[in-house]
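*Asks:* Sequence:
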Amino acid sequence: MRIVLADDVALLREGLASLLAAAGHEVLAQAADADALRAEVARLASAGDLPDVVVTDVRMPPTGTDDGLRAAVDLRAEHPGLAVVVLSAYVAGPYLRDLLDGAGESAAAGAGGVGYLLKERVGRVADFLRSLELVAAGGVVVDPEVMARLVRPASDAEDRDDDGVPTDRRPASEPGAGDPAAARLLARLTPREEEVLALMAEGLSNAQVAERLVLSDGAVAKHVANVLAKLDLPPGEDNRRVRAVLTFLRARA
1 MRIVLADDVA LLREGLASLL AAAGHEVLAQ AADADALRAE VARLASAGDL
51 PDVVVTDVRM PPTGTDDGLR AAVDLRAEHP GLAVVVLSAY VAGPYLRDLL
101 DGAGESAAAG AGGVGYLLKE RVGRVADFLR SLELVAAGGV VVDPEVMARL
151 VRPASDAEDR DDDGVPTDRR PASEPGAGDP AAARLLARLT PREEEVLALM
201 AEGLSNAQVA ERLVLSDGAV AKHVANVLAK LDLPPGEDNR RVRAVLTFLR
251 ARA
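If you read the sequence shown in UniProt numbering, its first letter stands for residue 1, the second for the next number, and so on.
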């Protein structure tokens with residue numbers, strides 16, 4: 001893969017670049033702030049050398065808030081085929097919702113995917129590289145810890161970010177917590193089907209879902225088929241698996 005990296009912490013950025021190079025990937029450019037990220041992608045695009053994936057931190061200069069995420073959203077709007085992986089230190093809903101905006105249309109068009117991973121996932125090298133490959137292929141991957149936050153009961157302990165600020169903890173059933181149309185579709189699923197779909201959103205294959213849930217491959221395939229049918233994604237529809245995952249995330253995020 002050909003990758004552009006963006007992180008304002010030089011040590012982390014260089015370490016990630018070394019990790020990717022060791023895995024056989026090419027780092028086309030690095031950026032230390034959101035403006036530089038936009039400029040690097042624009043430069044590469046003008047030369048006909050658009051990267052396969054952009055990997056960016058959420059919080060970067062110039063404001064130190066969500067500049068990296070905003071740059072990622074803008075870049076996907078400008079270049080629909082561009083896959084984006086956002087790295088965050090936070091298990092928070094608003095960032096994920098912003099990243100998913102427009103992802104359904106991109107999936108239908110067979111464009112690049114999106115990923116939302118916690119920074120600690122980078123240390124699990126095999127998982128991180130697999131997630132990058134899935135996103136580059138047009139998939140949607142959400143960190144397992146983020147998925148756990150999305151599916152656990154609202155009565156659980158409140159999440160806080162690194163500054164001690166509570167993150168968005170509303171359950172999907174609470175008004176405004178997710179997309180109502182997606183929530184209505186999700187309500188058609190059995191608990192087991194929803195569990196399978198949540199694991200799909202982590203980027204797991206059918207075989208990996210079967211291993212996690214201690215089910216046969218055939219049982220998982222049947223559950224997946226039921227999920228796709230109940231979400232009104234009939235055979236022949238493009239990128240059905242990705243669009244099913246997006247429905248789940250929009251209902252929950």
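Simulated from the structure, these hints should not be mistaken for lab results. As the structure is a prediction and not an experimental result, all values here were calculated from the model. Careful, some of the hints might be misleading.
Said to hold, decoys possible - Lysine to aspartate or glutamate pairs mimicking EDC-like chemistry, simulated, CA-CA at most 16 angstroms apart:
id, residue 1, residue 2
1, Lys119, Glu78
2, Lys222, Asp179
3, Lys230, Glu193
4, Lys119, Asp74
5, Lys119, Asp66
6, Lys119, Asp8
*Asks:* Each of the hints needs a verdict: does it hold here or not?
*Replies:* Hint check results:
| no. | hint | result |
| --- | --- | --- |
| 1 | Lys119 to Glu78 | 26 angstroms, violated |
| 2 | Lys222 to Asp179 | 26 angstroms, violated |
| 3 | Lys230 to Glu193 | 10 angstroms, holds |
| 4 | Lys119 to Asp74 | 22 angstroms, violated |
| 5 | Lys119 to Asp66 | 15 angstroms, holds |
| 6 | Lys119 to Asp8 | 13 angstroms, holds |
Consistency with the previously given hints fails for numbers 1, 2, 4, ordered from lowest to highest.
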